[in-house]
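Colleague: Sequence:
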Amino acid sequence: MDKVNSNNYMTNNDKIKKKRTKSFQNYSNYLQQFCTSTSIHGFKFLGERNRYLIEKIWWFIVLVLASAGSSSLVYQSYNKWNTSPIVVTLAMAETPIWNVPFPAVTICPELKCNSRIFNFSNVHLKYTSNETISQEDETESCKWAGKELNCSSALEPIMTSEGLCDTFNMLQLSEIVELHVEKIFDDSKSNNTKARQWSLDKGYSINATLDTYPRRTTLPGVKSGFQIDLYVNDNDLDYTCREIQGFKVSLHHPGEIPDLVNYFRVPLDQVVVAAVKPNMITTSDDLVNYDPHIRQCYLPEEIKLKSFKMYTQRNCILECLSNYLLHKCGCTLIYMPHKNDSKFCGPGKMECINHYQAHLMDHRAKFQDERNTKKSKFYCGCLPLCTSLSFDAETSQTDWNWRKTYNLLQRNSTIDSFDYKSGHYSRLIVFYKEMQFMTSERHEVYGSMEFLANCGGLFGLFLGFSFTSFMEIVYFLSLRLFCNIKKFGRMLWSGVPPVQKQNVVKIKY
Numbered sequence: 001m002d003k004v005n006s007n008n009y010m011t012n013n014d015k016i017k018k019k020r021t022k023s024f025q026n027y028s029n030y031l032q033q034f035c036t037s038t039s040i041h042g043f044k045f046l047g048e049r050n051r052y053l054i055e056k057i058w059w060f061i062v063l064v065l066a067s068a069g070s071s072s073l074v075y076q077s078y079n080k081w082n083t084s085p086i087v088v089t090l091a092m093a094e095t096p097i098w099n100v101p102f103p104a105v106t107i108c109p110e111l112k113c114n115s116r117i118f119n120f121s122n123v124h125l126k127y128t129s130n131e132t133i134s135q136e137d138e139t140e141s142c143k144w145a146g147k148e149l150n151c152s153s154a155l156e157p158i159m160t161s162e163g164l165c166d167t168f169n170m171l172q173l174s175e176i177v178e179l180h181v182e183k184i185f186d187d188s189k190s191n192n193t194k195a196r197q198w199s200l201d202k203g204y205s206i207n208a209t210l211d212t213y214p215r216r217t218t219l220p221g222v223k224s225g226f227q228i229d230l231y232v233n234d235n236d237l238d239y240t241c242r243e244i245q246g247f248k249v250s251l252h253h254p255g256e257i258p259d260l261v262n263y264f265r266v267p268l269d270q271v272v273v274a275a276v277k278p279n280m281i282t283t284s285d286d287l288v289n290y291d292p293h294i295r296q297c298y299l300p301e302e303i304k305l306k307s308f309k310m311y312t313q314r315n316c317i318l319e320c321l322s323n324y325l326l327h328k329c330g331c332t333l334i335y336m337p338h339k340n341d342s343k344f345c346g347p348g349k350m351e352c353i354n355h356y357q358a359h360l361m362d363h364r365a366k367f368q369d370e371r372n373t374k375k376s377k378f379y380c381g382c383l384p385l386c387t388s389l390s391f392d393a394e395t396s397q398t399d400w401n402w403r404k405t406y407n408l409l410q411r412n413s414t415i416d417s418f419d420y421k422s423g424h425y426s427r428l429i430v431f432y433k434e435m436q437f438m439t440s441e442r443h444e445v446y447g448s449m450e451f452l453a454n455c456g457g458l459f460g461l462f463l464g465f466s467f468t469s470f471m472e473i474v475y476f477l478s479l480r481l482f483c484n485i486k487k488f489g490r491m492l493w494s495g496v497p498p499v500q501k502q503n504v505v506k507i508k509y
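Counted the way our numbering counts, the sequence shown spans residues 1 to 509.
No lab work stands behind these hints, which were simulated from the structure alone.
As the structure is a prediction and not an experimental result, all values here were calculated from the model.
Careful, some of the hints might be misleading.
[What the hints assert, rightly or not] The calculated lysine-lysine pairs, modelled on DSSO-like cross-linking and capped at a C-alpha distance of 27 angstroms, are:
1. Lys147 to Lys80
2. Lys349 to Lys306
3. Lys306 to Lys202
4. Lys147 to Lys343
5. Lys194 to Lys147
6. Lys277 to Lys194
7. Lys309 to Lys343
8. Lys143 to Lys80
[What the hints assert, rightly or not] Here are the simulated distance ranges between beta carbons:
9. Thr212 to Glu351: 45 to 53 angstroms
10. Glu178 to Tyr78: 40 to 48 angstroms
11. Phe488 to Leu452: 22 to 30 angstroms
12. Ser466 to Glu441: 29 to 37 angstroms
The beta carbon of each residue, even a glycine, is placed where N, CA and C say it ideally should be.
Can you make the complete structure from the sequences, with help from the hints?
Modeller: Take a look at the structure:
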């Protein structure tokens, strides 16, 4: 009885071993078929029969190294695509200057009060209401593209960090700020500075003529630019108030509030020439579906400010700063966007203003991160527009001996007599330096197709791998396997019949 059980046990054991052997043979044969059939480089040497083991080990090591090398490079390519998908490069073609508006020119006098009304030196550093001289007192003549302009209609008053200034070619405030924002100067009734045939996101319309607003020019050079003569009376100069006298000039986008942090000076009795070069960055259409913080810019329809109708990075920063000072100091500065019931900061708040203004600028990156996670109540993620425009100026200046010219004209009685020795003239000329300029463009480092092509090139270089090779793997793991089982049965699913042992007859000669 024990002997019978032992025989049965051995028989079952043999069956299991035989089954395992057949299964191993099926896997081995099927893998060999794949290696000899695939188009992937090197695999046929692994599946070749009757070769030495050292040869197969050699090709196995080669394939492992090739796979590791290609995978490493593909990972680096993916990491670059995922972390830095956007690149800014020069555009394929130059942009003509008539496609962009002429810069807005904001002019701020260094002298802040009329000495006949208030003399700073007499009260020696006492606080003043900072009443600025009128526009008629500081401007004499204006020219645009060689034609005389009425300075009173060509220039609009605007309140800035430097007090009351005049601006040329800027949109009226009613088109820049929202209705609920208080405007110190009501320019809504003026038609001279309303946008015509132009919009912030699309620029000038195709059918726009040269008589548009903001103004634009078609030619570079002095004769196609803006010229203004500025006058200061000697009696109004007070070097105790300001050590440097003259004018500050800021060039900026017509749709944004001027920032007098970036400016150049026009000294007294000098001619300053500013050759302007536009800086324009556009964004390709393939970035529309990207998150704004990945592409690092906003589309016009993606962002809305509470105080401004037009979004620009400068307007955003100004609104952010106004809200922050209102929260921390309980007041805001007079030139910042504010409501009718907002309180203005006086001299007693200057320490608070300076502290938190510097604090906000130092922590803009932190506030931007907080805004992304919706933790911050302040809007400080001030990215530029996807189509942004700024201006660089190369300035040169020379002494202007206008008194000699005036003296000669006065002798010839061509002009009325006045005491020219008691005043100072300055001249500012702003023009485009060249007819075209290079535009920068944001676009993808790799698009989806470029990334796939890059991966395919790396795998092809190292392994000869292609889409057809991938489909071969899919075929061997699915359709061919199913058809083999259907054709040869489950016991012989590899499709290769077992090798039968045959008796070998040796023939002697």
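Colleague: Against this structure, judge whether each hint is valid.
Modeller: Hint by hint, here is what the structure shows:
1. Lys147 to Lys80: violated, 54 angstroms
2. Lys349 to Lys306: Given that 27 angstroms is the threshold and the Cα spacing comes to 25 angstroms, the pair holds.
3. Lys306 to Lys202: Holds. Lys306 to Lys202 sits at ~22 angstroms (cutoff 27 angstroms).
4. Lys147 to Lys343: Outside the cut-off at roughly 43 angstroms; violated.
5. Lys194 to Lys147: Within the cut-off at roughly 21 angstroms; holds.
6. Lys277 to Lys194: Holds, at about 25 angstroms.
7. Lys309 to Lys343: The hint holds at about 23 angstroms.
8. Lys143 to Lys80: Between Lys143 and Lys80 the Cα gap is close to 52 angstroms, so the pair fails against 27 angstroms, i.e. violated.
9. Thr212 to Glu351: 45 to 53 angstroms: holds, 46 angstroms
10. Glu178 to Tyr78: 40 to 48 angstroms: holds, 44 angstroms
11. Phe488 to Leu452: 22 to 30 angstroms: violated, 37 angstroms
12. Ser466 to Glu441: 29 to 37 angstroms: holds, 33 angstroms
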